[in-house]
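**Q** Next come the chains, spelled out residue by residue.
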Amino acid sequence: MRALCWYGKNDVRVETVPEPKILNPRDAIIKTTLSAICGSDLHLLHGYIPMMKPGDILGHEFMGEVLEVGTEVTNLKKGDRVVVPFTIACGRCWFCQNGLTSLCDNSNPNSQAAEKLYGYSASGLFGYSHIFGGYAGGQAQYVRVPFSDTACQKVPESVNDEQALFLSDIFPTGYMAAENCNIHPGDTMAIWGCGPVGQFAIKSAFLLGAERVIAIDEVPERLEMARKQGKAETLDSGEGEVVEKLKEMTGGRGPDGCIDAVGMEAHGTSVEALYDYAKQAVRLETDRPHVLRQAIQACRKGGNLSVPGVYGGVIDKFPIGAAFSKGLTLRMGQTNVHRYMKPLLDRIEKGEIDPSFVITDRYGLDCAAEAYKTFDKHERGCIKCVLRP
Amino acid sequence: MELENVNQMERIASVIAGTALSFFGLRQALAKHQAAAGAGLTLAGAALIRRGVTGYCDLYRACGVNTAGEGIRVDRSITIHASREAVYGFWRNLENLPRFMKHVQCVEVINEVPNELIAWRSLPGAPVKHTGSVRLEHATAGRGTTVTVELQYDQPAGPVGAWIAKLWGKRPEREIELELRRLKNMVEAGEIPTNQGQPAGRVDDGSQQGKAKQGERVQHASEASFPASDPPSYTHVNEL
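As they're listed, the protein sequences go chains C and E.
Numbers 1137 to 1525, taken from my numbering, label the letters of the first sequence in order.
Numbers 240 to 479, taken from my numbering, label the letters of the second sequence in order.
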């Protein structure tokens, strides 16, 4: 089969590799009908995520048709059309049973590696390095889905592939980010990052009762989409003084909730941002928390800071004093996709939201390497690429 | 009274070495022009004899080394989201043991309290002589069962052997952790997570491969990428 494989920094290629097989009794094999490239895949492309091996298949947003199921799977059959969460969860450990599927105890075969780094291992992920399980990803013609009886969400005929695909990751991610801000009716939200997750966070914030959303980015097309599709007010971070402007725009209070939908590769030109670039170059810092610092500074007293943006390692100069002094609540983490799939699918079916708005580019799987390049450089206003095998 | 920190074999060796050193030292001391060296050797020899006779070594004490222990003791626990009955039943079903416990072979059960405790010891001729127990306790707040394994065993080369094995990466605690994790996987999820046997764009003959050449098509990936229970070595990130 054809699959997009990682071979090193800025080196991804579509190769012909063997097809996956059932390895465990709760597995299923999916024939992919649509998949996508995520912003977090760019961290892999740029070489920021350790424990990658040349040849690893990437991709954690995918959907398709069930081809084969393991002996223990009773709720799926061949031909079922399903979308699959990017976090792999057994459904039966204490974390899964309490809705925290991104923290599953039983889905990372390399749990000891993650334990060394983080103290305890969270769930395995598709296509996201061997720290998170080394699972072959979904930018491929076929994928093996572990714990498929828990994973696979069936998709009705009334919802097409482009509408359903983002239930795998970015729609629940944006939604959980907004939910984590504990939004009260009338609240004002500030969202850094108008990539796909940011766009879904904007829409979700309004769905959850926010009155105003201020979206921050430096890419014109993304700000335009935030205005047109998201109905957000926008701030161009390239013009600087984001914190001051947010204060003015909120009558001197600051936003009630702040979302960092940017993560570890934040861009900035201020002194502290340049400091991060320099430290990262000599490996004294692994992540760049430029947006995190701004969000802490900008958030109103007693407000909520929600972090869906991916961080992997350690950061410097974290303004813990500001966060403490203002009594902020910080909530973060990988998305507990499973708990959101059905409720968000219901909203799509009812017509409350059409997630396909975020797609700007469509490629065949064989052109995936080019798609990565386009997405990475934001060429031609690219915001979200989908791949059709 | 000082505690012993030197084991039997070492003590015997110490006495023999100390006696020999003292003998040569005395000879040298009595010879002309070598009194100082001879005295030094005699003192060293005397220290070794004392060490062997009393079983206590100041240098070991200073370095925190103790070779006189009764063997190695390992304690590890894990919480399993299942009742004690379910965990006990799974463990006691001997067919399940090899799936998660690779070290508990050739044993006889010496004590057993249903749903609470199983204690065993190795049979004569077992590769590693040991005793062990597993205790099952209620975990708080509905978390299930806490499973605690205690193992006491003799490493073939004694405590020094265990220390060397640690340096080489084969820590017994790690093995027990892995086995408890497999037990948890089996009882909770019904299977052990794996990525062994899945596809990848590399020819895996066990060595770390560099980039595949441009245009080179990978037709077959190997069955085993790496053992599921051992993480691969760190793959260095390329320069920024």
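Hints should not be assumed to be uniformly reliable.
Said to hold, decoys possible - For each label pair, taking beta carbons as the anchor points, the in silico distance ranges come out as:
no., chain 1, residue 1, chain 2, residue 2, range
1, E, Lys368, C, Lys1415, 50 to 60 Å
2, C, Thr1465, E, Arg413, 31 to 41 Å
3, C, Glu1485, E, Gly328, 53 to 63 Å
4, C, Ala1505, E, Val348, 54 to 64 Å
5, E, Gly381, C, Val1450, 26 to 36 Å
6, C, Gly1144, E, Pro353, 52 to 62 Å
7, C, His1514, E, Gly328, 33 to 43 Å
8, E, Ala380, C, Ala1458, 33 to 43 Å
9, C, Thr1207, E, Gly328, 16 to 26 Å
What the hints contain is simulated information worked out from the structure, not anything from laboratory work.
From a predicted model like this one, the values you see are computed outputs, not experimental measurements.
Just so it is clear, CB atoms sit at the ideal spot from N, CA and C, and this is done for glycine as well.
**Q** All the hints need checking, so say for each whether the structure fits it.
**A** Results of checking the hints against the structure:
1. E/Lys368 - C/Lys1415: 50 to 60 Å: At roughly 52 Å between Cβ atoms, C/Lys1415 and E/Lys368 fall inside 50 to 60 Å, so the hint holds.
2. C/Thr1465 - E/Arg413: 31 to 41 Å: holds (37 Å)
3. C/Glu1485 - E/Gly328: 53 to 63 Å: violated (43 Å)
4. C/Ala1505 - E/Val348: 54 to 64 Å: holds (59 Å)
5. E/Gly381 - C/Val1450: 26 to 36 Å: Since E/Gly381 and C/Val1450 have Cβ atoms about 34 Å apart, the given range 26 to 36 Å holds.
6. C/Gly1144 - E/Pro353: 52 to 62 Å: holds (56 Å)
7. C/His1514 - E/Gly328: 33 to 43 Å: violated (57 Å)
8. E/Ala380 - C/Ala1458: 33 to 43 Å: holds (34 Å)
9. C/Thr1207 - E/Gly328: 16 to 26 Å: Taking Cβ atoms as reference, C/Thr1207 and E/Gly328 lie about 22 Å apart, which means the hint holds.
Of the numbered hints stated above, those contradicted by the structure are hints 3, 7, listed in ascending order.
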